[in-house]
Amino acid sequence: MSTEMDVDEPQRLQVTVTKPIPLTYDLGHLTAFDPNPLPPLTPSTLEQTLHSTARDAAQLLINQILTTVALKSTQDGVMATLPEPITQLPREKPVPKAKELTKWEQFAKKKGIAAKAKDGKMVYDEATGEWVPKWGYKGSNKGGEDDWAVEVDEKKQQDVNANPRSLSRAERVERIKKNERQQKRNEKNAAGSSSGSGGYKNRRR
Amino acid sequence: MLQTVKPKNARSKRALEAREPKLVENEKTTLFLRGTTASGIVQDALGDLHSLKKPQAIKFQKKNAVHPFEDASALEFFSRKNDASLMVFASHSKKRPHNLTFVRFFEYQVLDMVELGLDGETFRKMQDFKNAKAGIGLKPMISFSGAIFENNPTYAHMKLMFLDFFHGNTVSEVEVEALQYMISISAADPSDDEPNPKIHLRCYMLKTVRSGHKLPRVELEEMGPRMDFKIGRIQEANPDMMKEAMKKPKGQEMRTKKNISVDPMGDKIGRVHVDKQDLGKLQTRKMKGLRKRGRDESEGEGENDVEMDDGDVEMDDDSVPAISPKRPRV
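So the sequences go chain by chain: A and B. Following full-length UniProt numbering, the numbering of the first sequence begins with 1 at its first residue and continues without gaps. Following full-length UniProt numbering, the numbering of the second sequence begins with 1 at its first residue and continues without gaps.
Treat the hints with caution; some may be incorrect.
Listed next, the stretches of chain B that the computed footprint assigns to chain A, with coverage defined by at least 3 CB atoms under 8 angstroms from CB atoms of chain A [claimed, not checked]:
{"#": "1", "segment": "56-66"}
{"#": "2", "segment": "134-144"}
{"#": "3", "segment": "195-205"}
{"#": "4", "segment": "219-231"}
Residues of chain B clear of chain A, computed beta-carbon distances all greater than 12 angstroms [said to hold, decoys possible]:
{"#": "5", "residue": "Glu70"}
{"#": "6", "residue": "Ile234"}
{"#": "7", "residue": "Asp278"}
For the record, the hints were derived by calculation from the structure and aren't laboratory data. Yeah, the Cβ is synthetic: ideal placement off N, Cα and C, and Gly gets one too.
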C-alpha cells in the first residue's frame with residue numbers, strides 16, 4: 001500500500017475494487033463475505049496478502065454502506081441506518097411464551113365474554129351523594145358491616161351461636177380467600193404447562 | 001426442574017427480569033476463563049479477545065479444572081451464574097497446545113463447541129502493535145475471505161460461530177465515525193498437503209483518505225491481535241436445540257408503514273392525505289367595517305371607514321354584509 005505517495009497527490013485514488021465473484025454483504029451485521037479464493041499464501045507474503053484482501057473487503061464494505069444505506073446527519077454525527085441482519089444467529093434464550101390463560105379467561109374466551117372496562121376505583125354512592133372507593137378503607141363492599149342493627153338472615157345463619165353481626169364480614173373474607181386459591185391454582189397450571197411442553201430437553205434426556 | 005427464585009426486593013426483581021427471555025434479545029455476554037494449565041501465549045490471546053469484546057465480557061482469573069469436551073456441566077453452571085451465552089476457554093497441553101475452546105450456549109446449556117489450536121509461532125498480541133486501538137464497545141466490521149467458508153461445512157460453521165462471537169449488538173443505526181476497525185477472518189483453499197487450512201484472524205484499524213471521489217479511500221493498519229487457528233475437535237449442536245434457538249418470535253417482522261418510502265437517493269418520502277379545504281371558513285383580512293355592530297356605536301368611526309377605502313380587498317357580493325365598507329355611514 002503506497003499511502004505516502006497518495007497523500008501527496010490527492011487527485012485520484014482508486015476507490016473501486018473489482019473481484020471475479022462479487023462480494024455479498026450483511027449490513028445488519030456490518031459484514032462482508034468474499035467468496036473469492038485467496039491468492040496462494042506463502043509464509044513470506046502471508047501478511048501482505050491478508051492485508052490487501054482485507055483492505056479490498058473493507059473498501060467494498062465502506063462503499064456499500066455509504067452508497068446503499070440511508071445516511072442522516074444529526075448533531076452526534078452522520079448516522080447510517082442499518083437494515084435487518086440477513087444471517088440468522090441462534091438466540092441466547094428461547095422465545096418468551098405467551099402468558100397462560102387463567103381458568104376464567106379460558107371460559108370467557110369460549111363464551112365470548114369481553115373483559116369489563118376498568119372504570120376506576122371510585123364509585124358514586126347514591127344515598128350519600130359522595131364518591132367512595134369500591135374496596136379498601138371505607139369501601140362500598142363493606143356496606144352493612146358497621147350497621148347498628150343487623151337483620152338475621154335465616155339462610156346464612158346456619159349455626160345458631162354465630163354472631164349475625166360478623167356474618168357479612170366473614171362472607172367477604174371467604175370470597176377473598178377463594179380468589180387467592182383460584183389465583184394460586186392458575187399460577188400452578190401455568191408453571192406446569194410451560195415446563196412440561198415438548199422441546200428439545202425432554203427428548204434428549 | 002430448578003427451583004424458581006422469588007425476588008425479595010425490587011432490585012433483585014429487576015435483576016431477575018433482566019435475565020428473563022426477551023423478544024428482542026440483548027447482546028450476548030462472553031465469559032473468558034482458563035483451565036488448570038494455560039500457556040502464556042494462550043493467556044495473552046484470551047486477554048486480547050477479552051479486550052475486543054469489552055464491555056459485554058467477563059474474565060475469570062482463577063484456574064478451572066474443566067475439560068469442556070468431557071464434561072461441560074461446570075461451564076453450564078458458569079453460564080447460568082453470569083448470564084453469559086458465549087465462552088472462551090483457554091488451555092494448554094502437550095497434545096493440544098495453546099488451545100482456545102469457543103462455546104456457545106442456549107438457555108445456559110451448551111449449544112455447540114469448537115476447539116481452535118492457536119499457532120504459537122505466529123501469534124502477536126495487541127500490545128505488539130504500537131498504534132491506536134479501536135474504542136471500547138464499538139461494533140466491528142467483519143469480513144470473511146476465502147471460498148472455503150462457502151464450500152466446506154466445517155468452515156461455514158466456523159464463519160457463523162465467529163460472526164456470532166464478534167458481531168456485537170444488533171443495532172438499527174450506526175455512526176459512520178464509529179466504523180473504526182475491521183476483523184478480517186480468512187482461510188486459504190484446501191490443498192493436498194493442507195486439507196484443513198488455518199483460519200487467519202486479523203484486526204485492522206480503518207483509515208479513510210480523501211480520494212477525490214465522493215467515496216473515501218480506505219486504508220488499513222493492523223492493530224492486533226494476530227491469530228492463526230487450526231480447527232480441533234468440534235461438538236455439533238443438537239438439532240432440536242438449534243431449531244429452538246433459531247426460532248423467530250412472531251409479530252417481530254418489521255411492519256411496512258403505509259405511505260412512507262425511501263427513494264433511490266435515500267430521501268424519506270411520505271404521502272400525506274389532507275381533507276378538501278373548506279373555503280367558506282377561510283379567514284380573510286379582518287376589517288372593522290365588516291364587524292357586526294352593536295346598536296350604540298358612537299361616531300368617529302367615519303374616519304376609520306375612510307381609511308379603509310384604499311384597502312384592495314375584493315369581496316363576493318353575497319358575502320358582503322348589508323353595510324358596504326366603501327360607503328361611510330353617517
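Going through the hints against the structure:
For the segment 56-66 of chain B, the assignment as covered by chain A is violated, since 0 residues bring a beta-carbon within under 8 angstroms of that chain's beta-carbons and 3 are needed. Requiring three or more residues with a Cβ within less than 8 angstroms of a Cβ of chain A, the coverage given for the segment 134-144 of chain B holds, as 6 such residues are present. As drawn, the segment 195-205 of chain B meets chain A at 3 residues by the rule of a beta-carbon pair under 8 angstroms; at three or more, the given contact holds. Residues of the segment 219-231 of chain B lying with their CB closer than 8 angstroms to a CB of chain A number 3, which satisfies the three-residue condition for coverage.
For Glu70 of chain B, the requirement that its beta carbon stay farther than 12 angstroms from each beta carbon of chain A is met, with the minimum near 18 angstroms. Under the 12 angstroms C-beta cut-off, the non-interface status given to Ile234 of chain B relative to chain A holds; the minimum distance is some 16 angstroms. Its beta-carbon lying about 36 angstroms from the closest one in chain A, Asp278 of chain B satisfies the requirement of being farther than 12 angstroms from that chain.
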